[in-house]
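Per the working numbering, the sequence shown starts with residue 1, numbered consecutively.
Any given hint might turn out to be false.
Below, a list of computed lysine-lysine pairs in the DSSO-like style, where the Cα atoms sit at most 27 Å apart [said to hold, decoys possible]:
#1 K28 with K77
#2 K42 with K63
#3 K5 with K42
#4 K5 with K21
By construction, these hints were calculated from the structure, which means they are not laboratory data.
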Amino acid sequence: MYTTKLNEFDTQNAIALVKEKFSHELCKRLTLSRVSAPLFVKKGSGLNDDLNGVERPVCFDIKETGETAEVVHSLAKWKRMALMRYNFPVHTGLYTDMNAIRRDEECDNIHSIYVDQWDW
């Protein structure tokens with residue numbers, strides 16, 4: 001069983017420090033720009049990558065449009081679309097903070113149904 005060396009507050013501060021320093025160096029060395037990622041996409045858009053082909057997305061209806069949206073669980077397809085949409089030149093790229101819900105995830109010390117990860 002994993003035992004944390006920091007309390008919750010110090011853990012949050014350490015995570016913030018690592019994210020800030022890492023993202024700065026990553027962008028500088030790989031010529032990346034930060035782009036905001038969607039929390040959900042339209043069902044049937046083809047942008048919610050199902051990773052292994054068995055993930056079931058969390059879905060909800062949008063009152064105003066009557067459409068169904070899916071909470072993202074992978075941004076692989078969305079990132080390719082974003083590179084084109086934002087006209088990224090060759091040898092440049094993007095990174096984003098992905099927040100997702102993976103309802104079928106097998107949870108352990110480092111895996112949760114809630115995902116907060118960098119994606120590039």
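Hint check results:
no., hint, in the structure
1, K28 with K77, "holds (24 Å)"
2, K42 with K63, "holds (13 Å)"
3, K5 with K42, "violated (41 Å)"
4, K5 with K21, "holds (21 Å)"
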